[in-house]
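Enquirer: With chain A fixed as given, assemble chain X onto it according to the hints.
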Amino acid sequence: MAEKLLEIQNLKLYFNEGKPNMVKAVDDISFDIYKGETLGLVGESGCGKSTTGRTIIRLYEATGGKVLFQGKDVHGRKSKKELKEFNRKMQMIFQDPYASLNPRMKVADIIAEGIDIHGLAKSKEERMEKVYKLLETVGLKKDHADRYPHEFSGGQRQRIGIARALAVEPEFIIADEPISALDVSIQAQVVNLLKKLQKEKGLTYLFIAHDLSMVKYISDRIGVMYFGKLVELAPSEELYRNPLHPYTQSLLSAIPLPDPESERSRKRILYDPSVHQYGPDDQLEMREVTPGHFVYCSEKEWHQYKNSLNE
Amino acid sequence: MENILEVKNLHVSFDTHAGEVQAVRGVNFELKKGETLAIVGESGSGKSVTTKAIMRLIPSSSGSIKEGEILFAGKDLTKLSDSEMDQIRGKEISMIFQDPMTSLNPTMTIGKQIMEPLRKHRKLSKVEAKKKAIDLLHLVGLPQPEARFKQYPHQFSGGQRQRIVIAIALACNPKILIADEPTTALDVTIQAQILELMKDLQQKMETSIIFITHDLGVVANVADRVAVMYGGQIVEIGTVDEIFYDPRHPYTWGLLASMPSMEIDQNEELKAIPGTPPDLLRPPKGDAFALRSEYALKIDFKYEPPVYKVSDTHLVKSWLLHPEAPEVEPPEIVKQRIRLMPGNYKEPLLVKGV
Chain A
1 MAEKLLEIQN
11 LKLYFNEGKP
21 NMVKAVDDIS
31 FDIYKGETLG
41 LVGESGCGKS
51 TTGRTIIRLY
61 EATGGKVLFQ
71 GKDVHGRKSK
81 KELKEFNRKM
91 QMIFQDPYAS
101 LNPRMKVADI
111 IAEGIDIHGL
121 AKSKEERMEK
131 VYKLLETVGL
141 KKDHADRYPH
151 EFSGGQRQRI
161 GIARALAVEP
171 EFIIADEPIS
181 ALDVSIQAQV
191 VNLLKKLQKE
201 KGLTYLFIAH
211 DLSMVKYISD
221 RIGVMYFGKL
231 VELAPSEELY
241 RNPLHPYTQS
251 LLSAIPLPDP
261 ESERSRKRIL
271 YDPSVHQYGP
281 DDQLEMREVT
291 PGHFVYCSEK
301 EWHQYKNSLN
311 E
Chain X
1 MENILEVKNL
11 HVSFDTHAGE
21 VQAVRGVNFE
31 LKKGETLAIV
41 GESGSGKSVT
51 TKAIMRLIPS
61 SSGSIKEGEI
71 LFAGKDLTKL
81 SDSEMDQIRG
91 KEISMIFQDP
101 MTSLNPTMTI
111 GKQIMEPLRK
121 HRKLSKVEAK
131 KKAIDLLHLV
141 GLPQPEARFK
151 QYPHQFSGGQ
161 RQRIVIAIAL
171 ACNPKILIAD
181 EPTTALDVTI
191 QAQILELMKD
201 LQQKMETSII
211 FITHDLGVVA
221 NVADRVAVMY
231 GGQIVEIGTV
241 DEIFYDPRHP
251 YTWGLLASMP
261 SMEIDQNEEL
271 KAIPGTPPDL
281 LRPPKGDAFA
291 LRSEYALKID
301 FKYEPPVYKV
311 SDTHLVKSWL
321 LHPEAPEVEP
331 PEIVKQRIRL
341 MPGNYKEPLL
351 VKGV
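Chains as they are written, first to last, in our numbering: chain A, 1 to 311; chain X, 1 to 354.
Excised from the complex, chain A in its bound form (with noise of 0.2 Å):
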């Protein structure tokens, strides 16, 4: 496989740590990201993917545990250097671009604004040629600069917010909930955007979304949540043909698709997590069923699942 661009080692993030109303939101997880490609996280609201994503990123302050990209502890103690060379390197695209774009900002600075701080324009002819483009890039006009972000639709400022993070020229990306707040038409426009880019660019992305059938379509692999917990981990298609946690049988039996025929035959699985009847010795962790195939696990059921895979 390719290498290695992110590791994220028994990553934790604790809220409210030591008092009564601590929440485990991300809860000792370890997954690789591979260069060039999707990674996306899925799960419901509260399942820590989000502050998964944001904990990768340094908007907070790990608890515990390690992110390395390429190699390089991100949450170790850091120069002012080093860490601007590494927020470079690595951006994010927020779900809601209303709130994610400086109202008070014309358009041309808040994508010049990595730009500036890194000086990556020796001019002001460089800075604005780039910003143009930069616009053309991600679909928009070269006179939509001079604009302020309430003149735009809500996929067109999404735009904007893709524009801003490849400003700086990033290795990866991480997208959280980039389209949920978008109408379905588009929706498409704008992970069809961020196919080509990564097709063009190289980039890396992790794709943090609930709506299944998209996350399918971008990703190359998907790791799904539960409680803080990284509970599967495989290739987008594996993940989809052979479910293997109870919980990502539940989640995956609960996704509405556009098929009548389909809706009405649904059989919906729910989850009981007392089914795992997991006792004092029960050692759970990431187990390799398949290559390539992660299911957060015992011992017993990692040979029940092997075994229900041979059938």
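No lab work stands behind these hints: they were computed from the structure.
C-beta atoms are modelled at their ideal positions from N, C-alpha and C, and glycine is treated no differently.
There may be inaccurate statements among the hints.
Claimed, not checked - Which residues of chain X face chain A? A few of them, derived with a C-beta cut under 8 Å, are:
hint, residue
1, D76
2, T78
3, L80
4, T189
5, L216
6, S258
7, M262
8, Q266
9, E269
10, G286
To be verified - Simulated pairs of lysine to any residue, SDA-like, Cα-Cα distance not exceeding 20 Å:
hint, chain 1, residue 1, chain 2, residue 2
11, X, K204, A, R264
12, A, K196, X, K204
13, A, K196, X, I264
Expert: Frame of chain A; chain X shown alone:
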């Protein structure tokens, strides 16, 4: 089946600083007893405004019903006084919204909020209303309603809140329930529960439902019939099978093609609908979708298309069904869906006077 509601040539406009926004431009449909009609379309297509007009919830300060009739139980709702409408709203026709947190009063216990319509419309005593309210909460599957009767909305989860909102909406056994994106804010597993609940209750109470959503998966799950709205008009309406397996309007094609199916190849590009919805301050001449459609004909830019009947239940507003229109091929993803519908006429029939 008997029609419980008929909307005829409905026009709704809003006055803004920039001028008159024609949000709904001649909408016609009927709702049958016990059925679920889904209305789909993007933001600004007029789906919410249509249902708000039925509920007479268009604020008179900014908007008005310009033209048309909304017939319910022999009455034209557009002509009723506010006090007459109060007798219908929440009793005969009720509504649930997308965000259960904003439709519940945060300073009132949920018990009190459910008792309110029971006391007001059904004139129950306090003791009776409480008993009925607890029954309703049992019905919508809220655990331990007796113990939680005096709790406030913030003490419940999103799914539980939506159950409470549904209980309030159903308190008076309404004939029509309008659900405006009721599950959009919820997680898929919770969404599945709420959809099952609504279908279950509909069977028990024979309520007709108008279900607004932009999620075609949800539509396939709940709808008996589907109306597709674009630019303030219904461009296609039919049974759920007709819309999903025999769509005729290019906009419906666009919607169906822009969603990835579970079988789609990752290298295949999604068929996005280019551009943005029309500006209803100055609605385009002719077919409102023509500007974004690769199937637009010359005539689409000049004259508004008439409505054609493909079957008894399937209506399409497009010039493409005109006998002299060129044959066009729908996008590949849509073609894979198409099946022969048994009720189709040999040739589409022009509907006059619509």
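Enquirer: Look at each hint and say if it fits the structure.
Expert: Verification of the supplied hints:
| no. | hint | verdict |
| --- | --- | --- |
| 1 | D76 | violated, 33 Å |
| 2 | T78 | violated, 29 Å |
| 3 | L80 | violated, 34 Å |
| 4 | T189 | holds, 5 Å |
| 5 | L216 | holds, 4 Å |
| 6 | S258 | holds, 4 Å |
| 7 | M262 | holds, 6 Å |
| 8 | Q266 | holds, 6 Å |
| 9 | E269 | holds, 6 Å |
| 10 | G286 | violated, 20 Å |
| 11 | X:K204 - A:R264 | holds, 19 Å |
| 12 | A:K196 - X:K204 | violated, 50 Å |
| 13 | A:K196 - X:I264 | holds, 17 Å |
Checked against the numbered hints listed earlier, the structure breaks hints 1, 2, 3, 10, 12; every other hint is satisfied.
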